[in-house]
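Start from the sequences, fold in the hints, and give me the full structure.
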Amino acid sequence: MSCSAIYILDVKGKVLISRNYRGDIDLGVIEKFMPLLMEKEEEGLLTPILQTTDCTFAYIKTNNLYIVSTTKKNANIALVFVFLHKIVQVMTEYFKELEEESIRDNFVVIYELLDELLDFGYPQTTDSKILQEYITQEGHKLEIQPRIPVAVTNAVSWRSEGIKYRKNEVFLDVIESVNLLANANGNVLRSEIVGAIKMRVYLSGMPELRLGLNDKVLFESTGRGKSKSVELEDVKFHQCVRLSRFEIDRTISFIPPDGEFELMSYRLNTHVKPLIWIESVIERHAHSRVEYMIKAKSQFKRRSTANNVEIVIPVPHDADSPKFKTTIGSVKYAPEQNAITWTIKSFPGGKEYLMRAHFGLPSVECEDTEGKPPIQVKFEIPYFTTSGIQVRYLKIIEKSGYQALPWVRYITQNGDYQLRTN
Amino acid sequence: MTDSKYFTTTKKGEIFELKSELNNDKKEKKKEAVKKVIASMTVGKDVSALFPDVVNCMQTDNLELKKLVYLYLMNYAKSQPDMAIMAVNTFVKDCEDPNPLIRALAVRTMGCIRVDKITEYLCEPLRKCLKDEDPYVRKTAAVCVAKLYDISSGLVEDQGFLEQLKELLSDSNPMVVANAVAALSEINESSPTGQPLVELSTSTINKLLTALNECTEWGQVFILDSLSNYTPRDEREAQSICERITPRLAHANAAVVLSAVKVLIKMMEILAGDTEFCSTLSKKLAPPLVTLLSSEPEVQYVALRNINLIVQKKPDILKHEMKVFFVKYNDPIYVKLEKLDIMIRLASQANIAQVLSELKEYATEVDVDFVRKAVRAIGRCAIKVEPSAERCVSTLLDLIQTKVNYVVQEAIVVIKDIFRNWWNSTANALNCFGFSPKIRTDSKQAWTKYVGKEAEKMYPAPDKRWCSIAVWEPAQNPPIEPIAVSRVAITMSIRVGSMLKCSVSPRFSSEAIRIVMVIVHNFAPCSCQTLSDRKVGLLVDEDYIVAFAVSCNGTGDGHETIRVNYGFVHAHELGQALFQFQMHVCGSYTFSIINTSCKRKYPNKYESIISTLCENLDTLDEPEARASMVWIIGEYAERIDNADELLDSFLEGFADENAQVQLQLLTAVVKLFLKRPQHTQGLVQHVLSLATQDSDNPDLRDRGFIYWRLLSTDPAAAKEVVLADKPLISEETDLLEPTLLDELICHISSLASVYHKPPTAFVEGRSAGIRKTLPARQGSGDETTTTAEATVIPSQDSLIGDLLSMDLGSTVPAAAAPMAAPTSNVDLLGGGLDVLLGSGAPDLSGSVAPSTTGLLGDIFGLTSAPAMYTPPKTCWLPAEKGKGLEIYGTFSRRAGQISMDMTLTNKAMQFRSGASHPLTVPALQPGQSLEYSLALNTTGPVQRMDPLTTLQVAIKNNVDVFYYACQMPIQILFTEDGTLDKRVFLTTWRDIPSANEVQYTINDIKGTTDSISNKMTQNNIFTIAKRNVEGQDMLYQSLKLTNNIWVLLELKLQPGVTTATLSLKSRSVEVAPYVFQAYESIVRN
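Which chain is which? The protein sequence lines are A and B, in order. Our numbering applies: residue 1 is where the first sequence begins, and numbers increase by one. Our numbering applies: residue 423 is where the second sequence begins, and numbers increase by one.
Check each hint, because a few of them may be wrong.
No farther apart than 16 angstroms at their CA atoms in a straight line, the calculated lysine to aspartate or glutamate pairs in the EDC-like style are these [what the hints assert, rightly or not]: (1) 706(B) to 233(A); (2) 706(B) to 247(A); (3) 372(A) to 787(B); (4) 427(B) to 105(A); (5) 736(B) to 691(B).
These are calculated hints, taken from the structure and not from any lab test.
Structure representation (structure tokens):
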């Protein structure tokens, strides 16, 4: 709480647009921001919160823009950061891309938005769909004066009334990202699944939705303990979900916003077998060459296939004359990333592929020591979830009684998938 | 078409052009012009000159235009307050517009225009808007009340807006409730009294909890934050609040989750910790906290800083979640460092293996700061989890083998800390590494050398024991070790040992000698050769020579190579040589050598060494080296004749020195002064004024003030403090202090929780709000103890009073004690004046040079040295009896030292001047007086006198010996450690039989209770507790006599009445009349 002012700066620290909410800090204080940031960066003490004698800066960086908030009080800083990210989200939804140019092009709307998003430092309406109903880019073309949508102050602040579709449809995507951290000895240090259920809702009116999952807690409480179920360690819901209802009987019931949104996310800490396992042998011959032998193994069912597999292997920054040999896919050297990327378009389960790479190293060694970045893997496995989560039903009830079609898709992809090397 | 076109302007006459456009009749043109104005404003051009023209456009039904004009007004109203009034009418009108959007816009904007004249007009529209039919207007108006409060708090209170705001808490619309809560919290926080203006009642809490389920994510945060300020009446209410808040942990918004966590942890404090409810709740907290780590990096950072607090407060919540804090390669550095810190806090015997292998991994990364922290972390693990110490050391040793400079350095520093704490369990690890036959000779050699070198660098670290052990091990096992290793070890041992010898603590000296002895015994031929090779003349110190001589004799070897006197003969040269090479390392050590040797044999050469030193001072350019040099001078001030000159030369460029050096200079000068006070007052005053008046560095200033205060009030304590042995690092130093931790827990998710500082530390003035503390668990502790304590707990004021009146005396138990002078005859000036002691009473010993303490007292007499009451001088020896010598005297007590202050006057015409004249060199001319202070001692044999306080004195001069007796006021015998813990006081009071209680009434009392208490404290009568009973002030006081008799007193004072009742209890009740007398004299003066 209590953001005193919000600034959007370009990468050099020049103010593109700003809005003063509380007037307790001189707007000119922003002059101190960039020098302070540089200084802290130099000292290696950079944090997203910078303190000066006059105020505290909290900032995020996106697309070469700094979104900065100032405060003089003991503000709720978690809220400030979540809000700053929200600003970016809202503006991105308004202007597609939030960047220097789009800010100049839309400064009138941005002023209007800043006025509506925050009042006296307290976040107000931040739902871009609702905002778009009364803050429009082409405002001057509208003949009728805009009215505030009821939703702004409604208990259902995320959905307007009177939405109409000819064909009522709901698309549900269950997307699981696998986070993995393995050490150089091949031991998995940490693995977790972060799942998200994303929806695209094209429904008329004010529909009531109820989602059924094979949730272990629910199954046990309803005496279906033996059926295949998933223990969700932590669940986070979109604000449309009635949390107290979920707390009581694990029912996920909600009135969805219109269009695309993330209904829920969940986390499982279960130990899973790494879906794609990489073994690497790296031989460094100082001053002459370095050789890589990379073995990729798919450790999932044969009937599934991983698509667009990319294995990113870091190489020394002074490596030269790359040579590759592989049985499948293609290998590319990306000197700007100091890495090689091995791409395999289609990688069926239970297979094993090999790739060899060879680089020359200069005889004169660079003095800077290099870190040991991990090997990273990207992949997508459709029609499959690692956790075994299933959508059992999606009930849609609207007072007009229309029939709606729910569509469900499952996909597993990489999250933060890192394998340390020697 | 985009808005960017508005930024392109035709430079010339821009303002003028805009002016005419603004006054254009066409609406479209007008709007275009306003947009141009706003565009200019955005890029920072001053367009305030257009104020009237823009305000003219305000009356429009185009919402977009209106918004732009409002925006312009907010920006420039303050600079044009008179013209801003023009806008008021439109505002008032807009507040009644049929479109709620416009009503809200008007009321919102009006609150942002911080111009007094406008504020007056705001009240009426605001009142209407607070009751508006549209919730959007109401919620905007609610925030506007907070805005108005910020401009004029009086107006809000007078106009009854607070009540209206309170009513909004029961509004049917959840958003209105949320904004009303936010506004109220804001007002409460900035209330001038620090007391909340609006207290939340149970029924409001229920309404808030209901609204919580329905309002936006931000509204939920406002509600949760204000709930965290509420203390429920009982456990049941706390539990029901918890139940209703727990579902918020599943919210996608991290701010909602953190605020919910804050409320839950606070409520758990009220609930009994061992219930099932509490343990389930604890279990529910972990997963959401872990999930926060998958949010945006900035939010992660805030979460991690908060988790750091939570882990300290409730270690159980996350104890199984170590792995989630493992650092990822692409984490931002601030996230990495925080994760590292939490990993250490969660480290336990169960997970230490994992932690160590992670830390080892991090130590090979590129970021130097992170690597250093990782290495440090290994050390902290070892200190935290003792059984792992050995493992940690071996991990560190692996790292040392990487030979990456900063890793090695950090590792060595860390090993030192580990050894300091657990050297028994880690010594083995060391053996395993360095000295098992498996390890290659050259690496052992390197290791040994390294440890030795580090040991030198670490000078002046207090504990060097580990280094000696490390290097000593190979030397001790010559049969296993190759000659090369042993030789290195020996050299290093000797160097380390030598330093140990110089160190302050005798424990290390003996260690040093032992090392040398063992080496020489076991490995004589090699060691002797090494020693002579390296011209290790370091063995100059007596003990070494003895040890060495003994060893050499024992082996029958080495007589030729090493002469016992070697060191003495070459000390001078050697010192210079050493100095040139490694001055900041061995400098101090050189000094001690030179000093000891020169004092004995070459007193004249001493100065030349110092001059060499001075020549080289300029070559020390690294702050660390300069600081070390200064430290050396300060630490060995008593051995360096011209230490004062040296330090003085440093002081010339004081302002240009690095802060580290400045701090060290300050300390060094104070050390010097405490060691040699005679000629250094000027210097110390100079440095204190430099530090306290001319410096901007708060550390330096504070340290200066502390020294000043110490020196001016209690020099003996100053000595204890400044010259004390340095304390060892405690393993818990990185934990937050519990009360601070509790306060920070109340501020979870706020800036305070990120800074780990209370809000008062960074928020100015009243907006810092009230200090928050966790609620106390109810029903704990029985009634009797709490009431008993309540009476003896001193109020905040008296605590501060105690602090300021320098209670430090309690750390100096009778400073006179060590000066035991068993013989009663002390010849002070070659027979000039003998001070004889009466066979009874306390011992007396004196020094003719003005006593240190006296001087100290004098120097700082100007400052607020509390004056102990000293009775006026009385005539002890009249001139007739003393054959012309007249003595007036009194007794006083300064800094734990009793002294007899005398004025000696020569009243006799025939008084001859001469060497044997009393006390000082200049003879007492007839009629001349001399002030003299004599230190008294209380450890001699005692004879009971009647009255008790009689002191018999004998004084001898070249004329005769004179005897006289005088009365000592008893208060000079009150010691500085006469304060008691309040519990001890209570039990002691109870234990002394009532037969030993004496009552006394003191008349003619002046001053208030506090001033009396202060006076008493200055006279070593300590107030243990103070309370007020039926209008009477009760002071509970204690004092202790030099012969360890405790006296407990209760002083009853009535404000406005000049008599007071004193009750005394003591095991030796004979002292009572004297104590009463003392009381009377102190109170009246």
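These are the hints, each one checked on the structure:
Taken as a hint, the residue 706(B) and residue 233(A) pair is honoured in the structure, with Cα atoms around 10 angstroms apart against an allowance of 16 angstroms. Between the alpha carbons of residue 706(B) and residue 247(A) the distance comes to roughly 12 angstroms, so the proposed pair stays at or under 16 angstroms and holds. Under the criterion of a C-alpha separation no larger than 16 angstroms, the hint pairing residue 372(A) with residue 787(B) is consistent with the structure, at around 7 angstroms. The hinted pair formed by residue 427(B) and residue 105(A) meets the criterion: a straight-line CA distance of about 8 angstroms does not exceed 16 angstroms.
Of the supplied pair hints, the one linking residue 736(B) and residue 691(B) holds, its CA atoms being roughly 11 angstroms apart against a limit of 16 angstroms.
Taken one by one, the earlier hints all hold for this structure without exception.
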